[in-house]
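Since chain P is already given, all that's left is putting chain F on it; use the hints.
Residues per chain are reported as follows:
There are 2 protein chains.
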Amino acid sequence: MNFGRHISGQFNVELESIRTHVLAMGGLVEQQISFAMQALHKGDIELAKKVVKDDHKVNSMEVSIDEACTRIIAKRQPTAKDLRLIIAIIKTITDLERIGDVATKIAYVAIESESSAERQFHVSLEPLCRQAIGMLHQVLDAFARMDVAAAAEVYKLDDKIDIEYEAVIRQLMTYMMEDPKNIPNILQVMWSARAIERVGDRCQNICEYIIYFVKGKDVRHLGNQSIDDALR
Amino acid sequence: MNFGRHISGQFNVELESIRTHVLAMGGLVEQQISFAMQALHKGDIELAKKVVKDDHKVNSMEVSIDEACTRIIAKRQPTAKDLRLIIAIIKTITDLERIGDVATKIAYVAIESESSAERQFHVSLEPLCRQAIGMLHQVLDAFARMDVAAAAEVYKLDDKIDIEYEAVIRQLMTYMMEDPKNIPNILQVMWSARAIERVGDRCQNICEYIIYFVKGKDVRHLGNQSIDDALR
Chain P
1 MNFGRHISGQ FNVELESIRT HVLAMGGLVE QQISFAMQAL HKGDIELAKK VVKDDHKVNS
61 MEVSIDEACT RIIAKRQPTA KDLRLIIAII KTITDLERIG DVATKIAYVA IESESSAERQ
121 FHVSLEPLCR QAIGMLHQVL DAFARMDVAA AAEVYKLDDK IDIEYEAVIR QLMTYMMEDP
181 KNIPNILQVM WSARAIERVG DRCQNICEYI IYFVKGKDVR HLGNQSIDDA LR
Chain F
1 MNFGRHISGQ FNVELESIRT HVLAMGGLVE QQISFAMQAL HKGDIELAKK VVKDDHKVNS
61 MEVSIDEACT RIIAKRQPTA KDLRLIIAII KTITDLERIG DVATKIAYVA IESESSAERQ
121 FHVSLEPLCR QAIGMLHQVL DAFARMDVAA AAEVYKLDDK IDIEYEAVIR QLMTYMMEDP
181 KNIPNILQVM WSARAIERVG DRCQNICEYI IYFVKGKDVR HLGNQSIDDA LR
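Read top to bottom, the protein sequences are chains P and F. For the first sequence, full-length UniProt numbering gives the first residue as 1, with consecutive numbering after it. For the second sequence, full-length UniProt numbering gives the first residue as 1, with consecutive numbering after it.
The shape of chain P in the complex, shown without the other chains:
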């Protein structure tokens, strides 16, 4: 992105700095969620504890980026596209922080699942996890380049995540009915599945903010078709 149009070179530096921080936050959240899922699959308690321990880093990045955004609005009084960038960033980091919370939740499930009997159900989550991490990676990539076409493509990936999620829930429900004594353990896995499915929704939100920044159009609550229309 080229912010070179500003008369104030310092303003450019500030905008670029905020953008770099958002990308760093995105990278950390992606790492957190990858580590949490790895910890869950391998039963790696140490890794899960690291995820829980590092959650505060995500939180403090959210707070400091929010502060930087408020400061830049007060000091630089941005309008038009610059203002949209700041608003898009304020909203994006909220979703990133919540994805960070999902990582922590999954890490806790990993920590609490001591027996291998519990861990056998975690296998069901693997394809869903892979898809969610892939979507997050792609949306961060689209954000880095502020690429609306890429954002619109990433947006559609959520349908696949929803289908996979439904399949996981059906499978876990069958396990529950086959052996009711496993219900408490399987419920934990279901909560995790639900949290991972929500990562897809949050990635969709970020796609909407990218489109808002670049096109100046608020495409929330409109669905796939209207997003395609907005880009035409």
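If you're looking for bench data, these hints aren't it; they were derived computationally from the structure. Certain hints may be false.
[Unchecked claim] Taking lysine to aspartate or glutamate pairs in the EDC-like style, the calculated list, with each CA pair at most 20 Å apart, reads:
(1) P:Lys181 with P:Asp101
(2) P:Lys215 with F:Glu67
(3) F:Lys105 with P:Asp201
Structure of chain F alone, referenced to chain P:
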């Protein structure tokens, strides 16, 4: 709230207008969630359909308030407390919109629960619903008066919601184990319980924005104790 300190009378009018819209949105969301829960308890499909139909009103209020906030930043270049008010509103309406989504989710559960066999489990949700609606009502009241002390009190109510939620889940889990053929129905009720429990978390977020506006302190991610400290 008195915005009378502005030289521009028009700016006061604009800020007051945005605030009124947020309160109207809050009122609508409170109504949506009350109707959804009523529909669930009484098996009132018509009321549930009304909730689903009215969700777009919540969404379009979010979009139009967001637009008004961006416009006021660009035009009035607010700083300090005025800017904090705008930022607090931008964040508050995101949470309100998500509470609106919870109402829609619950309404769908009501629509899909045709048999009275399914509805018998909904009774378990009543105390949780009452608490969540109460918390939402109180946080909107604190927002209307921008009352930090009230916000700090409301914040603590979430602990009670969490305890009630755990009790509901334990009870529903017992029903599942007693009669595994009910598992799919009970799972629907569990998802609703989870969604209602999240209403409490979103109300807590709004409490944090009220404190941010009034005190200029970002108390997110700090917990009960630090909120009390911030108010001292």
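Subject >> Hints the structure fails to honour >> reply: 1
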